[in-house]
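Listed here are the chains, written in short residue letters.
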Amino acid sequence: MPVEVNTEKSIVITQTINLPKRSKFKDFLSILMVNKAAMVGAMIILFYIFIGLFAPLLAPYNPYEIILEDKLLPPSIDHWMGTDDKGRDILSRILYGSRLSMGVGFAAVAFGSFFGIIFGLVAGYYGKWVDSLIMRMMDVMLAFPGILLALAIISALGPGLMNVTIAVGAFSVPLFARIVRGSTLEVKRLEYIDAIRSLGANDFTIIFKHILPNILSPIIVQGTLRLATAILSAAGLSFLGLGAQPPSPEWGTMLSNGRDFLFSAPYIAIFPGLAISILVLGFNIFGDGLRDAFDPRMKK
Amino acid sequence: MMMFIFRRLIQTIPVVIGVTFVVFFIMQLVPGDPAVLLAGEGASKETVNAIREQLGLNRPLLVQYFDYLLNVFQGDFGTSLKNSQPVLDEIMVRLPITMELAFFSIIITIVLGMAAGIISAVKPYSLTDTSVMLVALLGISLPSFWFGLMMMYFFSVKLQILPVAGWDSILHVILPALTLGAGGAAIVARMTRSSMLEVIRQDYIRTARAKGLREHVIIYKHALRNALIPVITVVGLQFGALLGGTVLVESIFAINGLGRMIVDAIRMRDLPVVQGGVLAASLIFVIVNLFVDVFYRFFNKRIELN
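Taken in sequence, the protein lines are chains A and B.
The first sequence runs 1 to 300 under the numbering used here.
The second sequence runs 1001 to 1306 under the numbering used here.
Simulated from the structure, these hints should not be mistaken for lab results.
As a list, the in silico DSS-like pairs of lysine-lysine whose alpha-carbon atoms are at most 27 angstroms apart: (1) A/K71 - A/K86; (2) B/K1211 - B/K1221; (3) A/K71 - B/K1158; (4) B/K1123 - A/K36; (5) B/K1123 - B/K1211; (6) B/K1158 - A/K86; (7) B/K1045 - B/K1082; (8) A/K26 - A/K209; (9) A/K209 - A/K128.
Just need the whole structure built from these sequences, with the hints factored in.
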């Protein structure tokens, strides 16, 4: 039976339309800036950075100067937040304290994320016994409840802000390691990694030049949320007398001092606590906003 | 199910050994020679050497560690440097108090947290939802030690309806348990809401509504059961945060629990007590996690079977 063959030629006209490339960063920013709560969080964080940077200009009094005649004064025009048991202006101490609290928070997270990222990258990339060994070590660190690991480290190293930074940073390491390992496992399976490997790139280049930049989003979100926890933990350790020592204007130390005057001068405890709460709230709200902005389901 | 429990038990052993390893080696970070520290200032070389020999400090570290591990498994957590009493005796006196506090706190965490999360989830994006989630956000942002002090100020100092400190009656439990449980309740509320919203959007819930089932039956009989699965894991993790949090709360409310014992020991440089206390708290957390995993598995299976 003969087969009919269609010999008509079809002409296909194509027109190339050059669409503008959508920048991932612009996508991310547009989602973030629409989130009013995240913007409030960002403003809070920027405000605290501002007062920390310009504390010497903003503080009305010397935060360390003892004026016993002015001790335990309630909030007034001269002392907006009152004075403590040594006549020191509480507002000035809070302004200077923002440097210490945020400094410890950033340093602790930097310490924890540095080691956590390295452990996570190595575990996720190499897999097998390396992954098992590193992740079991992280499991052991996570077996310590709350700040107990930090307490154990402080008990060995002794009190002080530097040791608090190391202690608080240490218990962030396994959290970063887990997240980075999970992201590394996902990314290393992608074809472009195989392509780069076949082009002769070594493991160091693949891990730090090609995998790490592509897993920054969860690290940034975790880092922001961990900042909140680090500031709380550091303040808590100082509250117990294991962090910054008097006469340091660290907020936890101020709260600890305020505890002794809760009955007669509660504002000594109220204002440092409010300062910590608002800063931590800022980081939490901003961190939530970052997480939404990085979530692919939120992209339009 | 029994195989799962057995496998989890086996997996717990290396974690327990790892915890003892970390606790032992952290204490080795203490600057200075422990024999010199124990002998005191001005002690002669012979005295220091005798102490070193007596405590086995002249042996390799790994040997010392295995000795320590063996002692722990035999119930010997060392001796207090301050009162020369066995550390385990002190732990056994303090631990029940801490466990009571943790128990009441976890009840508050679960009840308050789940109730808030459910209320939020059944009316999503409403004023109720926004208010509840705002309170939850505040709950995770407030330092527990400050929250405890403020509650003490309002209820004990201003209103004088609750005691300031101590652990003698049920009234003494309220403020510390609320202080400790509130932060966890905030986290559980957010998790419950998120989990419920995911479940409520499922097709089978839509089917249940189409069938004409009443809303409270849909929420409590169908949605909540499945939404609880991730919440159980969060509650388990919160127990760890609670145990750590007892350190602060017991200090604020002058409760003679394990947390306060650890803090006092750090201040007095009584390292065997610190070591023993941290180890005990960590082992309890490991055991609680084991129970949570088993319960999670059991709960999950019941839902699958149903």
